[in-house]
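Sequence lines, in order, name chains A and B. Those letters in the first sequence? Residues 59 to 601, by my numbering. Those letters in the second sequence? Residues 5 to 333, by my numbering.
By construction, these hints were calculated from the structure, which means they are not laboratory data. Among the clues, some could well be false.
Below 25 Å or equal to it, Euclidean Cα-Cα: the simulated BS3-like pairs (lysine-lysine) are [to be verified]: (1) Lys275/B <-> Lys170/A; (2) Lys529/A <-> Lys112/B; (3) Lys324/B <-> Lys170/A; (4) Lys324/B <-> Lys77/A; (5) Lys126/A <-> Lys86/A; (6) Lys416/A <-> Lys452/A; (7) Lys377/A <-> Lys416/A; (8) Lys88/A <-> Lys198/B; (9) Lys303/A <-> Lys203/A; (10) Lys416/A <-> Lys440/A; (11) Lys86/A <-> Lys198/B; (12) Lys324/B <-> Lys421/A; (13) Lys476/A <-> Lys437/A; (14) Lys126/B <-> Lys265/A; (15) Lys297/B <-> Lys416/A; (16) Lys126/A <-> Lys77/A; (17) Lys83/B <-> Lys416/A; (18) Lys305/B <-> Lys139/A; (19) Lys305/B <-> Lys421/A.
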Amino acid sequence: MAKQLTPQETMRIDLNPPKEGWMDIPVKIKEGIYSYATKPEKVEDVGMPNPHKWAVTDEDWGLPENWKEVFLEGFRERLEKHRSFKIFMDICVRCGACADKCHFFLGSGDPKNMPVVRAELLRSIYRGELTTAGRILGRLAGGRKLTRQVLKEIWYYMFQCTECRRCSLFCPYGIDTAEVTIIGRELLNLFGLNINWIQEPVSNCYKFGNHLGLQPHTFKQNIEFMLMDIEEFVGIKIEPTFNRKGAEILFITPSGDVFAEPGIYTLMGYLMLFEHIGLDYTWSTYASEGGNFGFFTSLEMAQRLNAKMYHEAKRLGVKWILGGECGHMWRVVHQYMNTFNEPVDSLEEPVSPITGTKFENAKSLKMVHISEFTADLIKHGKLKLEPSRNDHLKVTFHDSCNPSRAMGLLDEPRYVLKNVCNNFYEMPENTIREQTFCCGSGSGLNAGENMELRMRGGLPRANAVKYVSEKHGVNVLANVCAIDRATLSASMEYWCPDVAVAGVSELVANALIMEGENDRSLNLRGEEIPGRGTQDEEAQEDV
Amino acid sequence: MDIIISLGAVLAIIVVALVGAQATGLQYLLGIIIPYAAFAVFLVGFVKRVLDWARSPVPFRIPTTAGQEVSLPWIKSAKLDNPSTTSGVIARMALEIFAFRSLFRNTKAEWRSGFLIQGPAKWLWLGALLFHYGFLVTAVRHLRLFVDPIPAWINGIDMIDGMLQIGAPPVYISDLLLIGGLAILLVRRLALPKVRYISLPADYFPLFLILAIGITGLLMRFFFRVDIVGVKTLVVGLASFRPTLPDGIGAMFFIHVLLVCTLLAYFPFSKLMHMGGVFLSPTRNLANTNRMKRHINPWWKPPKFHPYEEYEDEFRELMKEAGIPVERE
Ligand code: SF4
Ligand code: SF4
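Take these sequences, add in the hints, and give me the full structure.
In structure tokens:
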């Protein structure tokens with residue numbers, strides 16, 4: 059964080075807006091709140107417009123001569139392409155129901171982070187530049203003119219929205235500020251005004267197949283390291299395949315889990331689960347990214363990155379695709395992929411080879427969520443489980459924004475968790491399921507330089523964790539999202555240092571009784587499990 | 005400032021009508037020409053706006069899911085909040101439109117001794133509901149002015165609405181709802197700092213306007229009696245396209261009518277169009293069938309992506325070394 063605020067300092071939040079109207083307060087871009095500007099070569103890599111060198115702190119952002127026309131033309135074009143956008147520009151009644159639903163507003167008190175104001179930033183331009191009444195009446199009709207200063211303001215706040223849709227849930231007309239942000243960011247990308255934390259993964263994913271830019275051999279190697287860990291901690295040898303033609307299932311998950319803690323433990327969980335049930339599946343180094351930072355750039359970019367999944371499934375001749383734990387991946391997969399791509403004839407309606415269950419809900423897209431898959435396995439008694447290995451854990455579950463509000467995957471992960479952990483506690487009801495709070499760093503905002511923003515945005519979630527941690531002694535925050543695993547770890551460290559973050563599949567694997575396993579005194583992190591192995595004696599002494 | 009301007013605009017309309025009501029020529033304008041014009045603007049404007057929305061396609065299926073999806077057969081799905089069938093969507097929309105379900109979810113967030121408290125907040129829902137139903141019944145009740153003889157169902161509504169039987173002429177329940185609802189909405193807007201912060205003239209103006217319509221309506225009934233027979237003659241004349249202008253109707257009537265005409269003409273260009281828009285909102289009116297049925301985007305273009313063949317060309321040697329199968333050796 060720029061000026062390392064202590065949690066106590068960050069907690070000083072005033073939710074009361076100032077007297078002065080928001081149009082009268084020019085934007086002040088604050089360090090710690092924004093992410094750095096994209097590097098031009100990352101824009102070039104994917105052939106997006108206006109690659110140029112600029113910095114957020116520059117007075118001049120290197121806009122092309124005709125930027126205003128381009129912006130307004132782009133605006134008009136998107137009104138014609140998206141009914142959602144057009145309606146959302148027209149019918150907000152400014153009732154304020156959404157105002158205090160956004161984690162960024164609740165954690166910062168910045169009134170322009172109220173979803174309604176975030177959308178009004180664009181609506182005021184719509185009214186002031188694109189409607190007759192607004193052009194004539196100006197402020198009286200709630201309109202204003204597009205200036206360079208206003209563009210900066212739009213930029214600043216479009217990158218303070220994680221596209222989480224919590225506001226949309228409460229809006230009487232379903233106005234989804236996430237939709238406004240998605241289109242707002244598209245407009246900014248007409249000028250190369252992305253943040254590097256998004257643009258670089260986009261370029262990487264385009265070129266190398268994953269956000270991290272892991273080349274094929276490195277991708278494989280990273281997984282091999284995890285296999286070595288599994289061998290050491292669990293005592294079994296697993297030999298997964300890569301880019302194998304003729305496998306029944308292609309497994310795709312976010313590359314973040316191939317790379318960093320605690321995501322790698324989730325990935326180890328997948329490896330063990332698939333070994334346990336003898337799944338005929340393959341990894342792909344080409345379609346090695348479940349996530350899609352293109353979605354945070356433009357819908358077109360999202361489509362271009364997403365295309366690899368089907369392309370690879372077709373090449374390998376698999377029957378269907380299994381998708382790992384990831385929030386925004388599933389937003390794109392569930393709500394967009396079936397529209398982005400033409401159907402692949404060689405794919406079949408997904409059927410679990412272990413239980414015979416037909417995944418009717420995925421019969422057209424042919425892609426199943428790992429939690430749906432695992433829940434079905436457990437329901438059919440296909441997993442040998444010893445949940446008591448997780449007894450030292452008191453677990454709560456964080457619903458990621460996208461699976462909850464853009465899919466409805468709520469009970470599957472809970473069912474899995476309750477079968478692999480004996481101690482499960484829910485957070486307060488206004489903070490879970492469809493009302494869940496964002497981790498605070500979604501939609502590509504999980505950079506290092508905007509840490510103050512992230513900790514503020516993460517506060518409402520963390521605060522609910524803190525509540526159950528104080529009340530029930532919760533010490534693990536489970537989730538089904540690779541970004542969560544990275545971002546919640548940072549937010550827990552800041553707000554609730556006693557709580558660890560774990561993917562659901564990690565907890566599954568800890569409870570899995572693997573054939574040929576050792577005494578399982580260690581968990582997947584290589585830590586001793588209290589009450590097992592060497593610790594047993596100590597425990598007895600205590601008695 | 006925004007408040008004063010909006011209030012001023014409504015008062016100006018009243019003054020104009022008051023002046024106009026004094027002269028027969030202007031009465032003709034206020035009682036016949038403007039109502040026709042306003043109604044035409046309303047009708048054409050409303051339809052045009054809705055058609056304009058409908059002209060933009062819905063490229064993606066983006067319902068906001070507010071409950072459990074349909075997945076495994078033994079997991080209970082939320083049929084209303086995350087519908088996957090047409091009937092489910094209709095039920096969800098009906099609840100939105102008739103019961104303001106999303107508004108009912110509203111909470112009020114506060115930081116209290118280190119914790120975020122999200123308590124229930126039902127005033128907005130209540131105000132909105134009272135107001136809208138009050139308005140609806142009032143509007144329907146007014147139909148009795150447009151037709152002669154009055155159909156039984158309108159009389160029925162009238163009777164039920166007047167059930168309270170306080171005094172004569174009776175106080176209608178819908179009047180109370182309308183004014184009560186409006187009062188809640190207005191007080192909220194003025195008193196809650198966040199709502200006041202986001203309010204524009206376009207938010208105050210319709211509130212004041214409709215309030216003025218309600219108040220002039222009540223004034224007409226209780227204090228400034230107008231010649232009801234004359235009113236009926238005028239309105240039936242308008243409705244049957246044989247307009248006549250009876251004498252001595254009373255100024256209050258013309259004020260009321262000009263305010264209503266302003267509302268009608270203003271409607272299609274304002275946020276009041278949420279009345280039509282709510283039906284078309286893609287986050288609410290689509291079923292969550294994304295993985296079951298393909299949704300077509302009319303402006304779809306094939307993506308320009310990095311195909312596997314190029315990828316292999318770039319990394320073939322590295323892949324072979326790492327023992328990853330390749331298409332071409
Ligand atoms: S809840 Fe909807 S209508 Fe109300 S202010 Fe927010 S976006 Fe506008
Ligand atoms: S989508 Fe989420 S982050 Fe964006 S304005 Fe709405 S509540 Fe805030």
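Cross-check of the supplied hints:
1. Lys275/B <-> Lys170/A: 21 Å, holds
2. Lys529/A <-> Lys112/B: The hint holds at about 23 Å.
3. Lys324/B <-> Lys170/A: Not OK: Lys324/B and Lys170/A at ~53 Å, beyond 25 Å, violated.
4. Lys324/B <-> Lys77/A: 66 Å, violated
5. Lys126/A <-> Lys86/A: With a Cα-Cα distance of about 21 Å, the restraint between Lys126/A and Lys86/A holds, given a limit of 25 Å.
6. Lys416/A <-> Lys452/A: Violated, at about 33 Å.
7. Lys377/A <-> Lys416/A: Cα-Cα ~13 Å, so holds.
8. Lys88/A <-> Lys198/B: Given that 25 Å is the threshold and the Cα spacing comes to 23 Å, the pair holds.
9. Lys303/A <-> Lys203/A: Distance ~57 Å between Lys303/A and Lys203/A Cα, so the pair is violated.
10. Lys416/A <-> Lys440/A: Holds - the C-alpha atoms of Lys440/A and Lys416/A are around 16 Å apart, at most 25 Å.
11. Lys86/A <-> Lys198/B: Holds. Lys86/A to Lys198/B sits at ~20 Å (cutoff 25 Å).
12. Lys324/B <-> Lys421/A: 36 Å, violated
13. Lys476/A <-> Lys437/A: Answer holds: Lys476/A to Lys437/A is near 12 Å, not above 25 Å.
14. Lys126/B <-> Lys265/A: 52 Å, violated
15. Lys297/B <-> Lys416/A: Given pair Lys297/B, Lys416/A holds - Cα atoms ~15 Å apart, limit 25 Å.
16. Lys126/A <-> Lys77/A: At roughly 31 Å apart (the allowed maximum being 25 Å), Lys77/A and Lys126/A break the hint.
17. Lys83/B <-> Lys416/A: Measuring from Cα to Cα gives roughly 21 Å; hence the hint holds.
18. Lys305/B <-> Lys139/A: 13 Å, holds
19. Lys305/B <-> Lys421/A: 24 Å, holds
Hints 3, 4, 6, 9, 12, 14 and 16 from the earlier list are contradicted by this structure; the remaining hints agree with it.
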